[in-house]
Amino acid sequence: MAGLPRRIIKETQRLMQEPVSGITALPDENNARYFHVTVIGPKESPYENGTFKLELFLPEEYPMSAPKVRFLTKIYHPNIDKLGRICLDILKDKWSPALQIRTVLLSIQALLSAPNPDDPLANEVADAWKSDESQAIETAKAWTQKHAI
Amino acid sequence: MSAEMKSQDSDNDSDYDQSDHMDEDEEDFCGYYDNDTDDLDIDRPKKTDDPEYFEYELLKVEDVERLLNEDVEFLCSCLKVDPHLAKMLLQVHQWKKEFIMERYKKDPAKFLVDSKITPAVKYKSAPLGVQNTCSVCCRKLPSDYFCHLSCGHVFCRECWDNYFQVQILQGVTSGIECMENNCHILVPEDFLCRSLSKPELRDKYTKLSFLDLVNTHPQLRFCPGPNCSNVVRAKDTRSKKVDCAQCKTIFCFGCGMEYHAPTDCATIRKWLTKCADDSETANYISAHTKDCPKCHVCIEKNGGCNHVQCTKCKNDFCWMCLGDWRTHGSEYYECSRYKENPNIANESVHAQAREALKKYLFYFERYENHAKSLKLEEQTLSKITTRIQEKVMINSGTWIDWQYLLDAAVLLKKCRYTLQYTYPYAYYMEKTARKQLFEYQQAQLEAEVENLSWKIERAEITDRGDLENQMDIAEKRRQTLLKDFLEF
Ligand SMILES: [Zn+2]
Ligand SMILES: [Zn+2]
Ligand SMILES: [Zn+2]
Ligand SMILES: [Zn+2]
Ligand SMILES: [Zn+2]
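So the sequences go chain by chain: A and B.
All residue numbers for the first sequence refer to full-length UniProt numbering, where the first residue is 1 and numbers rise by one.
All residue numbers for the second sequence refer to full-length UniProt numbering, where the first residue is 1 and numbers rise by one.
A hint or two may mislead.
[Said to hold, decoys possible] Ranges between beta-carbon positions, derived for each pair:
#1 Glu102/B - Leu83/A: 26 to 32 Å
#2 Leu83/A - Glu98/B: 45 to 51 Å
#3 Lys105/B - Lys10/A: 45 to 51 Å
By construction, these hints were calculated from the structure, which means they are not laboratory data.
Where is the CB? At the ideal position from N, CA and C, for every residue including glycine.
Model the full assembly from the supplied sequences, consistent with the hints where possible.
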């Protein structure tokens, strides 16, 4: 891990020693800035029981700029688009260098519990969510069954 | 303009009369934008007669810097605060001096909190020891490596430096907040400049920050002209016409886009977005040739005028609708009016979508066609200039004698320009009596502009008095339309 900033080393150690419940984040063997992430779908959400794979990358400027995070598992969610990109304020203009990988992943987990169709990234999904929420939740459950279990 | 221009030598007396008359007209046309001073009637100045009148000044970068500094100094002395704080307050509150003074004098402490300059509650960190850990870089460092903003969140100097570097490289120079999560205290300029280790980034900051100041200042706008660094200053911040004296760009003060009266800024943005989105659907329109509706010979349009005469059968027709030009007289001009299907509400969704597209294409086609005509008339203007040059060289009249032709071409451009921008306006208008009035005036302007264009293209066989009369009518139609509908 030569040349790796102390901050990243510290965060990685803590992620391994005190893992967050429902979340795993493992650094890649060849690249300590690249993490293989899984997030378990939160209870009582349409994503319950699903295991969602994500990738997280710490750019050169980290922690002065936000990590880059993307869903690899297909997911039906108004704030996550087809390419797995996530609409989350702390990953964009609300990023603070005091935030950590841990806090980012917790926020993503929270986003699965509370989709926000008023700030959409996937427009069709957000429209579906707003016009018929129970139908949209059914679709999200079906997608979870199909892709995340 | 291909044939010989009519010589002015034959009739000297009438020439004299006409030049005198011309001087007055020229006042009306060319002096329209700058004759607010020579009016004696102070209560009712002439500028109120001109719907496009707009008072503004063009500034150089140095002028702007001086102007902004004056504001800072003014606020310093009024509020007895240091220049950094004054500048910060001005930036946060879009340079609204009166508002800042009023609020600051009422309750300075609260105003600074509201302005995100001081915290409502100061963060109490553990007192710094000999060695402390910076929460951003996780390094243990001596206490003099640390600093904080008014909020009290402590980070090491190197982290502040890196943080500002990343912000500046991303082009962010204003609204930079404390590094702590959920702390919205703004970073003062002097703190930032002290923290930056790289001089080249300090320069970049100064440059970007200046752009930002101008862009957020309600009274200032950069000239959008290529490579032009002029700044326009106007007290009145509406969508009005600005003519940059340096690069000759004409633009709207309100939005910085191409000038677009009578359409307002929000509508033109909507229209341009729509045009960009629908560019594929509208592509087929760009035809330079059409067939004569009577003899079917292929005709290429090489002038701006939409009153086209078939080279073979001499049929006069309208380039837009291919209809008989005689039906385009000012009393019966239907070509600019879109006739909606009155029963459309009862039609199928599919039919409604088709109708919506048809309507858009109708307006777009006319808007686009005038833009093209403007380009073609630009060529006419340069041809006229060449012709005049030749005339003057062979002593057939002087530049002054031929000036009226150039004036006519310039006026035509102005009228057609306004006409072009009547189409987005009409497209978004509700179907009301007001729309009927608008379409009536638009049709009138449409007819007179084409008459003027026709006459200018045939200047050699058009009587000068006739042409000047046509100029007068066209400009009056344009003024009338703007007076009634230019209201932002
Ligand atoms: Zn640090
Ligand atoms: Zn703070
Ligand atoms: Zn300019
Ligand atoms: Zn505008
Ligand atoms: Zn027509």
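We went through each hint and held it up to the structure:
no. : hint                           : in the structure
1   : Glu102/B - Leu83/A: 26 to 32 Å : violated, 50 Å
2   : Leu83/A - Glu98/B: 45 to 51 Å  : holds, 49 Å
3   : Lys105/B - Lys10/A: 45 to 51 Å : holds, 49 Å
This entry does not satisfy hint 1, going by the numbered hints stated previously; all others are met.
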